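Enquirer: Residue-level listing of the chains:
Number of protein chains: 2
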Amino acid sequence: MAKGIIFVADGMAGRPIPELDGKTTLESADTPHMDRIALEGECGLLDPISPGVRAGSDTSHLALLGYNPYEYYTGRGPFEAMGAGLAVKPGDIALRMNFATIDDKGIVIDRRAGRIQENEGTHQLAELLNHLEIDRVQILCNASTAHRGAVVLRGEDLSGEIEDADPHREGKPIPKAKPLTKEAKRTGAVVDKLIAKSVELFRDHEINKKRIKEGKSPANCVLLRGAGVAPRVQLFSERYKIKGAAVVEVGLIRGIARFLGLDLIDVPTATGGADTDEVGLARAVVGALGDYDLVLTNIKAPDLGGHDGDYKAKISAIEKADRMSGIIYEGIKGSDTHLAILADHATPVVCRDHTGDAVPIATWGKMTRPDGVKSYGERPCIGGGLERIQGIDLMPIMLNLMGAAEKFGA
Amino acid sequence: MAKGIIFVADGMAGRPIPELDGKTTLESADTPHMDRIALEGECGLLDPISPGVRAGSDTSHLALLGYNPYEYYTGRGPFEAMGAGLAVKPGDIALRMNFATIDDKGIVIDRRAGRIQENEGTHQLAELLNHLEIDRVQILCNASTAHRGAVVLRGEDLSGEIEDADPHREGKPIPKAKPLTKEAKRTGAVVDKLIAKSVELFRDHEINKKRIKEGKSPANCVLLRGAGVAPRVQLFSERYKIKGAAVVEVGLIRGIARFLGLDLIDVPTATGGADTDEVGLARAVVGALGDYDLVLTNIKAPDLGGHDGDYKAKISAIEKADRMSGIIYEGIKGSDTHLAILADHATPVVCRDHTGDAVPIATWGKMTRPDGVKSYGERPCIGGGLERIQGIDLMPIMLNLMGAAEKFGA
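Chains as they are written, first to last, in the working numbering: chain H, 1 to 410; chain R, 1 to 410.
Simulated from the structure, these hints should not be mistaken for lab results. Values in this document were obtained by computation on a predicted structure and should not be read as measured data. From the three backbone atoms N, C-alpha and C, an ideal C-beta is built for every residue, glycine too.
Listed next, with one range per pair, are the computed distances between beta-carbon atoms: (1) Lys241(R) / Arg239(H): 33 to 41 Å; (2) Leu20(H) / Ser335(R): 21 to 29 Å; (3) Gly383(R) / Gly22(H): 13 to 21 Å; (4) Pro175(R) / Ala410(H): 42 to 50 Å; (5) Asp291(R) / Ile107(H): 40 to 48 Å; (6) Arg352(R) / Met1(H): 52 to 60 Å; (7) Gln234(H) / Pro231(R): 32 to 40 Å; (8) Glu170(H) / Ser335(R): 36 to 44 Å; (9) Lys241(R) / Asp308(H): 22 to 30 Å; (10) Asn68(H) / Pro231(R): 22 to 30 Å; (11) Asp308(H) / Ser335(R): 25 to 33 Å; (12) Gly383(R) / Pro32(H): 22 to 30 Å; (13) Gly383(R) / Ala410(H): 34 to 42 Å; (14) Cys351(R) / Gly22(H): 39 to 47 Å.
So these bits of chain H aren't anywhere near chain R, every CB distance computed over 10 Å: (15) Glu71; (16) Gly85; (17) Asp164; (18) Pro179; (19) Val199; (20) Lys243; (21) Asp291; (22) Asp393; (23) Ala404.
Working from the sequences, and respecting the hints, build out all of it.
Expert: So this is what it looks like as structure tokens:
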């Protein structure tokens, strides 16, 4: 059986930019490697979810891995929690967490605790809540990047149907986690008690004494929001009968990969930012082919340039992704490996957020049917052999090219 | 947030015509404005329902507005009734009505009462049935164009599962509205009694005395068919969080627009025929953008030429639609408005009826990605950036271009 690589350049697709004579950042960037892959392969357009629908990175990656997001996406909490390193199980309730600052009267005066950083003790604070038991519910807690973290509630009779225990703006007290159904009453109470516990345990902690002394906002409580129940899924390996790994940078995508049972391969020099180590990422991808059948990789940088509305930064990030694709190409050239290059959604510089535009996709490998597309990009891929497909189609297409698909019928 | 216009030229798409050297009427017509919109925008083919499926104008418009017709289309009755000016509510039973002629023995001798016209008293006759109460069921009745009208039954325990009380051809008596389920028995009886009531009330009416004197077939009964229960829908404004209006000519499309909660904007000079006022329609569309986020417009004339098998008439009508699109284009040029131009289905001159062919679509506005398509038409739009989409995709695509779409995921 052949191998496969799904290469996602996060948010790489876009819209015409006046300063670039109506070209997109991808069409303007110098991308010799992606262009060669498109020239030698089979291209088209892909709607991450369906035409016009604005995908998040989470819903898009679920679809790209063959899991219908309308079935499996139960809110951001579970995916954030897995991305934060918590081993979420089906049925767990997960919530996003902020370290925050309240004043003596309990009013939230900073929802991000002075944008506290990981190296300023967030992991130690999270550890104070981790493994607590409240009302026979086990608490798992971990910090992720900056002021962010996640919480998992594990126990009987829990529900994700609670309101956020987060005022969503400064100047107000922390609201109760109001249950939206009768069944959620117990869950709401646990969340409220957990927040009270954070206030009790964080208040006089050394970390906060130090922050106050330095004139920084103390992380003297947590806010919890986006509760969701972790859905039941069939693991990637069971579903497709192949071994999968992920070389991905950011928490949300790591969470999805872990949740589906993909092994995570760490690249210590991958930062998830514009300065990430694309060479290290590419080498990890090629290296993983020794042990795995399919490798998902995601480089985050192009998305950041889009969100920042900075076309120069986005072009640089796309050229970084191109270098990464070039190293992968060299690493698999001549081997029996199929590669798909795509974006998980568009993040146009002119919109500074995800849009629902179709993204270009190139599939490459000896089993593809080259189609006359000459370079990679939103417009160059129009009219390719893949025409217009959807995210959920990608895994069947990859398995088909890899010779790993089961026949439906006789 | 930007604005949007969905411009439907009814039945505009077609098939090759030998007399036009194998071109379609759309490809033969002089359409400089649509061509420019296609050149500057992003094009493709659209299947109103799905490939090959022959759409009615009603099912197509439901899909184009984002409502799956397989879920919401419960027969023509409810839509006809709304088009006839009846304020149909979810749960009502609605039927199409013909004014017809029976002889002394009760045999239907003219299903259209000599093609009686609106100015010959149909509204007065309908008013005789309007607001009757039969078996605790409230009757609403209105005439629409020519011999046509609609009836609504409002009350407890009603069902749309009845056979037509219409012999569908002359020379037979009016059949009973046979119930197809036990639950529909009561409804069938009400329909039968309503028809009996029409015979009683119409027989010696002045209008009919006059018709008989003039040698015309009297409208001495009604036939009722196409019973359907009005479905429950989420209003357009609730579904999309935008304000929508419709500038449309004919009853059926007006009915759908009203049903979904779009505000109807009347153009008194719009006739729904080949002589309609395309300038007035276009101005109403542009004018509505002051108050509304999205405007649906439909010009009926191209469909009529198709049904009549008259390619010259259809070309003229398409050129009328083109002038309308030109005025709209001038009215929105430079503003933040996105426009989609399409047909709701094909009505090929060579078939004289709707067919299930894909129709050309052009989307235009500053957020589209121009794709190299040079003119508008069935073949010119092949290979455009939209590739091949479906009717149900149109609203997500418009909302995405308008910046009015919610993100699914994070």
